[in-house]
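Novice: For the protein sequence lines, the chains are A and B, in the order given.
Those letters in the first sequence? Residues 27 to 344, per my numbering, in order.
Those letters in the second sequence? Residues 26 to 306, per my numbering, in order.
If you are wondering where the hints come from, they were derived from the structure by calculation, not from laboratory data.
Keep in mind that the hints are not guaranteed to be accurate.
Said to hold, decoys possible - The following label-pair restraints were derived from C-beta to C-beta distances:
#	chain 1	residue 1	chain 2	residue 2	range
1	B	Gly181	A	Glu31	19 to 25 angstroms
2	A	Asn53	B	Ser52	40 to 46 angstroms
3	A	Asn298	B	Ala293	40 to 46 angstroms
4	B	Gly258	A	Pro54	55 to 61 angstroms
5	B	His192	A	Ser315	32 to 38 angstroms
6	A	Ala75	B	Ser212	50 to 56 angstroms
7	B	Ser52	A	Pro259	41 to 47 angstroms
Glycine residues also receive a C-beta, built at the ideal position from the N, C-alpha and C atoms.
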Amino acid sequence: MRKFEITGNKDTRSGFGAGLLEAGQKNPNVVALCADLTGSLKMDAFKDAFPERFFQTGIAEANMIGMAAGMTIGGKIPFTGTFANFSTGRVYDQIRQSVAYSEKNVKICASHAGLTLGEDGATHQILEDVGMMKMLPHMVVINPCDYNQTKAATLAIAEYDGPVYLRFGRPKVPVFTPENQKFEIGKAVMLNEGTDVTIVATGHLVWKSIEAGHILAEKGISVELINIHTIKPLDEEAILASVRKTGAIVTAEEHQLAGGLGESVARCLVRNHPTPMEMVGVNDSFGESGTPEELMTKYGIDTNDVVNAVLQVMKRKG
Amino acid sequence: MKTTSELKEIASQVRRDIVRMVHAVQSGHPGGSLGCTDFFVHLYFNEMTTKAPVFSMNGIGEDLFFLSNGHISPVWYSVLAHSGYFPVSELGTFRRLNTRLQGHPATEEGLPGIRIASGSLGQGLSVAIGAAEAKKLNNDGTTVFTLHGDGELQEGQIWEAAMYAAHNKIDNLIATVDCNGQQIDGSTEDVLSLGSLRAKWEAFGWVVMDMDGHDFEAIASTMKSARAASGKGKPVIVLMKTSMGKGVDFMEGTHHWHGVAPNDQQLADALSQLPETLGDY
């Protein structure tokens, strides 16, 4: 397992904020809307640089999504910002009709996704958002893993014409992907080549899977680690090529098992190349208050859970 | 500009189209469509500045219209066709498999004249405000129009949008409410009373106007006043009194014909009341 140099400890939402500012500098059609969470979403820099292109909607997410859809009609590229819960479940029908079905160029940017927002508890810890968004035709779903990748993803979606759901988080996590990287929507990133098992991870579980890979290497298990930042469209080719080599796969994500990355990978495998598979994710449960680390441990999405899933799937490997 | 008698002729044909479209597939929403026909005819033939029959999605330099209560698609499709956006003959495909004229308006099939899907209620005002904000950013001095059902105002998103528009001085927007007092389960008074819409919208910071939705001269003068009130820091809303089912006596003033199609006999009866003026599709 190769070593990854940690170049910082930052929240992915700050990567979004930096990317949004740069996207705004590059393209005067980029506009931003926020439902009373400007600081939490790290949209202040954009707001300060382009006050005339920043739209404070108040605590009115449905109106924000509808407005964003309308702004595309004048050629604008709207980025909406609120917590992941209020970006999806609260406004599902607005996204479905006014954005996805209408094929509007809206970027729904969602912070505080998953358990790792921590102490606020289950009302805010959405673990179903990827499932809701990936079920919508025309919708692209992206869940980057660190600050640099989130920034790069934000810049990339500004140049993509179509609806996108971009999901990121609150806690500071290791920065280990390169600065100023090229972000290709729908293209998996090979982090480590290996021979015994494939780990496919997204979001905050990518770093956990790197940690797991080192532990597994000490046990003599060679891990091939793939970072899937784009859950839809899924890079099926990269996954299939890897399992044809390793013959076993584990998926890892900060989301319900139902509707998440693992389910998308399973759908691909059963139709193309059935493979022993284990899934790391939250199993049909809401979260609760606690620190991010405590929650990841309690709800089974920590480093050790990835290790154990690999050991389990290795037993099933023919 | 069309004369009032020309507008009446167009409206008669549009009403024929509506009942024929709905009858042909035995589904759709004739009541609200008939009630809003005069408004649509005025809007498309005498009010909005557009590039019809040329359609561009971004609508830059054109007045825009958003139909929030998408179920009255028959009247919109007929008026769009008669405005030249697509062949009138295409009205015969309404609600049929592979049509561009979906049950509720949609963009996916690329029907010219439609800029966003509607049908799930309460979303059109937000969309229109977004389009109006984009026009301001583009220094595009044209106007955004909308139509909403009165029952639709029961949706909470409408009031989120109402608050936003007043706070942010969206004064390039003229919204209209079809006040027919009816919704699917009965009268709005019985289902969920709307109270004083004038008082509500005024309290939300809008300029409010009343209009008889079946008098072309009243429609023209009210819309002229609405335009005059625009550009002064406040959004404008027109409360348009209409009669559901207008133009077909047995459909008038009842919620029964909200989403019910006429049978053969009823169609003949309806058509006998509506002179064919521009030729049936």
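Novice: Each hint: holds or not?
Specialist: A quick look at each hint next to the structure:
The hinted range of 19 to 25 angstroms is not satisfied by B/Gly181 and A/Glu31, whose Cβ atoms lie roughly 50 angstroms apart. About 44 angstroms separates the C-beta atoms of A/Asn53 and B/Ser52, a value consistent with the hinted range of 40 to 46 angstroms. Checked against the given bound of 40 to 46 angstroms, the beta carbons of A/Asn298 and B/Ala293, roughly 58 angstroms apart, lie outside it. Taking 55 to 61 angstroms as the suggested C-beta distance range, the pair B/Gly258 and A/Pro54 does not conform, at roughly 25 angstroms.
Taking the beta carbon of each, B/His192 and A/Ser315 are about 35 angstroms apart, inside 32 to 38 angstroms as hinted. Hint check: A/Ala75 to B/Ser212, Cβ distance near 52 angstroms, so the stated range 50 to 56 angstroms holds. For the hinted restraint 41 to 47 angstroms between B/Ser52 and A/Pro259, the CB-CB distance of approximately 35 angstroms leaves it violated.
The structure shown violates the earlier hints numbered 1, 3, 4, 7.
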